[in-house]
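*Asks:* Listed here are the chains, written in short residue letters.
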Amino acid sequence: MSDLHDKTVTELAAALRARQVSSVELTQALLERVTRHQGALNAFITISAEGALLEAARADARLGANDAGPLTGVPMAHKDLFCTRGEKTTCGSRMLADFVSPYDATVVERLRAAGVVMLGKTNMDEFAMGSSNETSFFGPVKNPWDPARVPGGSSGGSAAAVAARLVPAATGTDTGGSIRQPAALCGVTGLKPTYGRVSRYGMVAFASSLDQAGLITRSAADAALLLGAIAGFDERDSTSVELPVPDYSAALEQPLKGLKIGVLKEFFDTGLDPAIEQHIRAALELLRSQGALIKDVSLPNLPLSVPTYYVVAPAECSSNLARFDGVRYGYRCKKPTDLLDLYLRSRGEGFGAEVKRRIMTGTYVLSAGYYDAFYLKAQRVRQLISNDFERAFHEVDVVIGPTTPTAAFELGAKTADPVTMYLNDIYTIGANLAGLPAISLPCGLTQGLPAALQIIGPHFGEERLLNVAHRYQLETDWHRRAPPGFA
Amino acid sequence: MQWETVIGLEIHAQLLTSSKIFSGSATAYGAPPNSQANLVDLAYPGVLPVLNAEAVRMAVKFGLAVNARVTRRSIFARKNYFYPDLPKGYQISQYELPIVSGGAVDVLLDDGSVKRIDITRAHLEEDAGKSLHEGLAGQTGVDLNRAGTPLIEIVSEPAMRSAKQAVAYLKKIHTLVRYLQICDGNMQEGSFRCDANVSVRPRGTEKLGTRAEIKNLNSFRFVEKAINYEVARQIELLEGGGRVVQETRLYDADRGETRSMRSKEEANDYRYFPDPDLLPVEIDQLYIDTVCASLPELPDQKAQRLRKDYDLSAYDAGVLTASAELADYFETVIEKAAAGFPATALSPKLAANTVIGELSGLLNRDGVEINDSRIAPAALAKLLVRVADNTISGKIAKEVLEAMWDEGKDADAIIEARGWRQITDESAIEAAIDAVIAANPSQLAQYRSGKDKLFGFFVGQVMKATQGKANPARLNELLKKKLGG
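Protein chains in written order, with the working numbering: chain A, 3 to 489; chain B, 47 to 531.
Hints listed in this document are in silico derivations from the structure and should not be mistaken for laboratory results. Hints should not be assumed to be uniformly reliable.
Below, simulated DSS-like cross-link-like pairs (lysine-lysine); rule was C-alpha separation at most 27 Å, straight line [claimed, not checked]:
1) B:K176 - A:K336
2) B:K125 - A:K358
3) B:K354 - B:K455
4) B:K176 - A:K379
Keep in mind the model is a prediction, meaning the values are calculated, not measured.
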């Protein structure tokens, strides 16, 4: 088979089962590609050549013994905050630069059990805090569409790797847009499931009430296939939800006739690049032509989502990251003089600037005298935003808007001003605060850079999201476009 | 000035679950360091807590036993601070919505009065690990076996007015948690311990004085001593024109004093917030009813029943029911006597006195728990029957009891072997009396001339002659007759 790297998960799975290609051949081909582009893109933190080939051989044995599932032998990469037994899990941080987890995250475990081959661990913003992948201790990832530009973040390595056809799919995590925003900037499909749909066990926590594992793929159909493998209740995560997992692939083809789409008024306010708006409007037109009904909806509290998020997320992060204290694992400073020195220097040297900024912010908003004014108020606004969405979903089935206000920006363009960087997540944060599923998919190119459409659904509405995205992708080829030089 | 002491206690009781509150690790005491700490207890990256339902059930049991409100929707919160024995950098506890709020217990005071102590709240939380210093050459070791052990923290109102009251309350809670089988009450191993908030104020005033918190008291004696020391310290300070500083203090048992640990200014801001990893604990009426139905007879109910059924004093009933095992032992003795010797009426008062007095003395002497008593209830029943049927006197019974304890033999065997059977045969007693009178003519003369006190002398002499075996009532009767001439 040729052009293995350009095939989707669905296509590769079929080819593997038909024995047109072996998992070892496929793995070798992709490993070669991963290694070749590592210097230019820096998409990976760890390349697991040895482990991947072993897993591929095992997958081939299963395929030969007719013991294979739909994903057996398919190569993937994991964002480097999913704990993987036997490979480093760094979270893009000096703090965990040499940390090897003794256990697999539930997502990793489920994919391993399905026979997925792990090619490596992808680069990311440190502890998932960032929107450009520039906060990684292991250096920034470059956008395959233009190496002078950022891939987005925090799952920037996963998005770049999928866009550059290094892997057909990768896991990601999304706390405020960390799957959808890099997927948008890299021109690939990014799915953040409903909070509680996928177990968080083994995902290194950033903001526990917002974190959700998801997927970066080249099509909605692939996301549907993979979601079926990772979703479902996990007794090790109390916030995972005990609901049956539907066959996401089965619902993909459903016609859109009668589908009610809400267009988020607040998403088209000032700040949105007119070229991106044009692409979104065109996409809406296409969906209308498929029988969907389009109407405007308003979420009046949505503009408060960025400040709300930047209280809630740092608060949780300040507590979640307290375990990195230099005592049991991870980075420890040289020659500590006493306990306080051990804490101060291990954390001071082990964490980067953005992580420290958020820990400081979070500590502040939880402090006596500020808790009510910041944390409690943010929680109340969060509830209002949630209510806004709920009201909207009484009227429409899904809401649609852009994923990002602009296309990929240049490396270094926003690093000087954290607030400008934070505003890049203005359209994605709402879904996290409300715990809703959302998907980003490419819907055009503006000056050679991908533009993206975001579809948000009600809780556990993944089937509908994937269905709309798939129908759109049946009519368009944006998702098939590879960055120049990576076809 | 007259000062009034005000004390509130925060009691930490380790719950008797077999696994930890948020992980599957075992909770057994005394295992090699860190052998009972899994990835969750070690706070590895990515792990999550899962609530142990048994811990919730135990907390609800406690709440129902003290007539408290069980919160229908309680919340776990994170208490954030850095310490090496706290792996996550926060303790999971409950803050704004504890599982139990309100409630009270009645405490019997030394003067026989009953004082009601109100409970503010009881909440679930995890214990921390332990720092180890011994034998580590200047380094500190951390043992996380205890990290994540479930606790309920029981917070009282500032309702106690003396160290003795505080101890009485602490003992009451201690009794209660053991009745409920939610805590083993072992203070030495730290599974039951308390912090005391102590302040003083001019008698007759309302406003509470500034308090000091004495941490980690792990024996009833230390609680009493630490509070008394602290009260005296505060009074001396105030009377000398100083002021009490709000601070945390430690009790040094070796020196018998409390020492400052940290002041409020240095105290941590714990930055409590709801733990996003755990869902609210939702409890419905059916659950509460089920737990309620599983409650055993509680100490107060048991004491009341013992008083009624056996005509015991409030004090005796109180002492017997201080532990369910002791009360059970007492009741088994009565039962065994009634079953084995239906013809003899055993005095429950004698049984109670023996259990509370001599038997408890032997248990304490040898450090044995009542359940491991070397004298089984049936054996004690037999001994007491021998008193009731006049085979031996009450005085001899005490010696038989000790012999039973030391030799592990049956009461009858000891009585027979030592010839302790009481002499009730009148002619034998008369013969002994005659011999004593004959041997002491001058005492006889004095007695007859009005020195009544010498009666005791003659009793003693006859008892000596009969090796204490003469039936005391019979002896008195006959001696009076003979001495009277």
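*Asks:* Now, for every hint given, state plainly whether the structure supports it.
*Replies:* Okay, the hints, checked on the actual structure:
1. B:K176 - A:K336: Distance of about 25 Å is within 27 Å: holds.
2. B:K125 - A:K358: Cα-Cα ~20 Å, so holds.
3. B:K354 - B:K455: 34 Å, violated
4. B:K176 - A:K379: Not OK: K176 (chain B) and K379 (chain A) at ~37 Å, beyond 27 Å, violated.
Of the numbered hints listed earlier, those contradicted by the structure are 3 and 4.
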